[in-house]
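> Chain by chain, the residues run as shown.
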Amino acid sequence: GESVGLHLPTLSVQEGDNSIINCAYSNSASDYFIWYKQESGKGPQFIIDIRSNMDKRQGQRVTVLLNKTVKHLSLQIAATQPGDSAVYFCAEKVGNNRKLIWGLGTSLAVNP
Amino acid sequence: DGGITQSPKYLFRKEGQNVTLSCEQNLNHDAMYWYRQDPGQGLRLIYYSQIVNDFQKGDIAEGYSVSREKKESFPLTVTSAQKNPTAFYLCASSPAGASTEAFFGQGTRLTVV
Numbered sequence: 001g002e003s004v005g006l007h008l009p010t011l012s013v014q015e016g017d018n019s020i021i022n023c024a025y026s027n028s029a030s031d032y033f034i035w036y037k038q039e040s041g042k043g044p045q046f047i048i049d050i051r052s053n054m055d056k057r058q059g060q061r062v063t064v065l066l067n068k069t070v071k072h073l074s075l076q077i078a079a080t081q082p083g084d085s086a087v088y089f090c091a092e093k094v095g096n097n098r099k100l101i102w103g104l105g106t107s108l109a110v111n112p
Numbered sequence: 001d002g003g004i005t006q007s008p009k010y011l012f013r014k015e016g017q018n019v020t021l022s023c024e025q026n027l028n029h030d031a032m033y034w035y036r037q038d039p040g041q042g043l044r045l046i047y048y049s050q051i052v053n054d055f056q057k058g059d060i061a062e063g064y065s066v067s068r069e070k071k072e073s074f075p076l077t078v079t080s081a082q083k084n085p086t087a088f089y090l091c092a093s094s095p096a097g098a099s100t101e102a103f104f105g106q107g108t109r110l111t112v113v
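So the sequences go chain by chain: X and P. Here the working numbering is used: the first residue of the first sequence is 1, the next is one more, and so on. Here the working numbering is used: the first residue of the second sequence is 1, the next is one more, and so on.
Please keep in mind that the hints were generated in silico from the structure rather than gathered at the bench. Certain hints may be false.
Unchecked claim - Taking CB as the label site, the calculated pair distances span:
# : chain 1 : residue 1 : chain 2 : residue 2 : range
1 : P       : Lys70     : X       : Ser28     : 37 to 43 Å
2 : P       : Thr86     : X       : Val70     : 37 to 43 Å
3 : P       : Ser80     : X       : Pro82     : 38 to 44 Å
4 : P       : Thr20     : X       : Ser40     : 37 to 43 Å
5 : P       : Pro39     : X       : Asn53     : 17 to 23 Å
6 : X       : Lys42     : P       : Lys57     : 25 to 31 Å
7 : P       : Ser80     : X       : Asn111    : 22 to 28 Å
8 : P       : Asp59     : X       : Gln76     : 26 to 32 Å
As the list claims (entries may be wrong) - Sample of chain P residues with no beta-carbon within 12 Å of chain X, all distances over it, derived:
#  : residue
9  : Lys9
10 : Leu11
11 : Phe12
12 : Glu15
13 : Val52
14 : Glu69
15 : Glu72
16 : Thr79
17 : Ala81
18 : Thr86
19 : Thr100
20 : Gln106
21 : Thr111
22 : Val113
Glycine is no exception: its CB is placed at the ideal position from the N, C-alpha and C atoms.
Required output: the full structure, derived from the provided sequences and hints.
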């Protein structure tokens, strides 16, 4: 079946360090890959997306890398801050299908 | 302010009762979604609607029902047929076209007592 899954369920980093959150996917037909951040008790918030014909995309303090050869997606957060503590989900979008395929999530804890 | 609003934030239901969760958006988005999230789990799609008066089942539609009579509203009813309804319910909307960004409400935490 088609699935999006994460390598690590939890990640703990020191404040100021860089964080890398990984995601594996199996659907080669996906057009977009998206990262969402969910803080405790809240709905997810869009962070950044990357089109399938790209390898890298940068945002503010975040970089998403896409390796289609091994079907791997990662989110890098530079200079991680306490406010970055949340669960991070990857998701994928296939064609015009409005339904996203969601990964299981990685919990990021930032230690002061 | 534009946004998506879910109400109530917390909801308690007795076993055997139906309950309706509200979701309203003023973003003029065509598509709306309902997700269920259990503790420590990801999002599972219950129902989604791409246009008014039309909706499709998601991965876990059994025991739930929806309606989409207005563009801005997509209420979810949790029926007594849903055997394990205690969960965090999230509503989302997205615009038409190739947008990948879905906008989420703050969620409703439903507890069956």
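> What hints, given by number in increasing order, does this structure fail?
Per hint list: 4, 5, 7, 9, 19, 20 violated.
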